[in-house]
Amino acid sequence: MLLNVIQGPTNFLDLKTVDGQELETFRQACEKLGLLEDDNHWDATMEEAVLCRSPSQIRELFALLITTCGLSNPLQLWDKYKTALSEDILHRFERMNQVNDDLCLNEALTLIEDKIITISGKKLSDFGMPTPQRRGELSTDLIKELSYNTALLDAQVSETEPRLLPEQKGNL
63 MLLNVIQGPT NFLDLKTVDG QELETFRQAC EKLGLLEDDN HWDATMEEAV
113 LCRSPSQIRE LFALLITTCG LSNPLQLWDK YKTALSEDIL HRFERMNQVN
163 DDLCLNEALT LIEDKIITIS GKKLSDFGMP TPQRRGELST DLIKELSYNT
213 ALLDAQVSET EPRLLPEQKG NL
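For reference, each letter of the sequence shown is one residue, going 63 to 234 in my numbering.
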């Protein structure tokens, strides 16, 4: 594409230079020249889905968009819609008193990657997305450490702190 638009390039660096600015990739050069579609219509599709679909259905849509629609920046869409994509998982974690955003987002990414593998046989990393850690890959100690109900622990500390002896209070 760039060879058809940029006149007289003498090397590959010339192809990545647009308006005097050297870009990192050929794709960025194409985007800056307006040769590629952006993801605005897919963003609008996701926005509409957030209003009327379940998080599971939104994850399925996101997996389809990644695998079949050639998103130019799937990570940007993930960052914008990750809350909606993981809302049901967050509620499940809240019911178990294990609220942890990182684990919640990791599980959403895992479910999305599973759909992508089913559709295309590829992984999220093949599309420039973060790779989720599978449950077996997460340290059980880390999961236990992150799963503490901090509100309950704070309440216990507030309740028992007044009963401490002066020597014990000095060690806080």
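There may be inaccurate statements among the hints.
[Unchecked claim] In the DSS-like style, the derived pairs of lysine-lysine whose C-alpha atoms are separated by at most 27 angstroms in a straight line are:
id, residue 1, residue 2
1, K185, K144
2, K144, K184
3, K185, K231
4, K184, K142
5, K177, K144
6, K184, K231
7, K231, K177
[Claimed, not checked] Label pairs and their calculated CB-CB ranges:
id, residue 1, residue 2, range
8, T212, N73, 28 to 36 angstroms
9, K185, L227, 30 to 38 angstroms
10, K185, L65, 25 to 33 angstroms
11, K94, L214, 25 to 33 angstroms
12, E156, L113, 44 to 52 angstroms
13, E109, Q195, 41 to 49 angstroms
14, A213, L95, 51 to 59 angstroms
15, Q195, H153, 16 to 24 angstroms
16, N66, A106, 37 to 45 angstroms
17, Q218, Q90, 47 to 55 angstroms
18, H103, H153, 39 to 47 angstroms
19, T145, K184, 51 to 59 angstroms
20, T180, Q160, 25 to 33 angstroms
21, S118, E223, 24 to 32 angstroms
Hint data in this document are derived by calculation from the structure and do not stem from the laboratory.
We treat Cβ as the ideally placed atom computed from N, Cα and C, and that holds for glycine.
Structure-based check of each hint:
no.: 1; hint: K185 x K144; result: holds (18 angstroms)
no.: 2; hint: K144 x K184; result: holds (20 angstroms)
no.: 3; hint: K185 x K231; result: violated (53 angstroms)
no.: 4; hint: K184 x K142; result: holds (23 angstroms)
no.: 5; hint: K177 x K144; result: holds (16 angstroms)
no.: 6; hint: K184 x K231; result: violated (56 angstroms)
no.: 7; hint: K231 x K177; result: violated (53 angstroms)
no.: 8; hint: T212 x N73: 28 to 36 angstroms; result: violated (57 angstroms)
no.: 9; hint: K185 x L227: 30 to 38 angstroms; result: violated (56 angstroms)
no.: 10; hint: K185 x L65: 25 to 33 angstroms; result: holds (32 angstroms)
no.: 11; hint: K94 x L214: 25 to 33 angstroms; result: violated (52 angstroms)
no.: 12; hint: E156 x L113: 44 to 52 angstroms; result: violated (22 angstroms)
no.: 13; hint: E109 x Q195: 41 to 49 angstroms; result: violated (29 angstroms)
no.: 14; hint: A213 x L95: 51 to 59 angstroms; result: holds (52 angstroms)
no.: 15; hint: Q195 x H153: 16 to 24 angstroms; result: holds (21 angstroms)
no.: 16; hint: N66 x A106: 37 to 45 angstroms; result: violated (30 angstroms)
no.: 17; hint: Q218 x Q90: 47 to 55 angstroms; result: holds (53 angstroms)
no.: 18; hint: H103 x H153: 39 to 47 angstroms; result: violated (30 angstroms)
no.: 19; hint: T145 x K184: 51 to 59 angstroms; result: violated (25 angstroms)
no.: 20; hint: T180 x Q160: 25 to 33 angstroms; result: holds (27 angstroms)
no.: 21; hint: S118 x E223: 24 to 32 angstroms; result: violated (43 angstroms)
Comparing the model with each earlier hint shows violations of hints 3, 6, 7, 8, 9, 11, 12, 13, 16, 18, 19 and 21; every other hint is respected.
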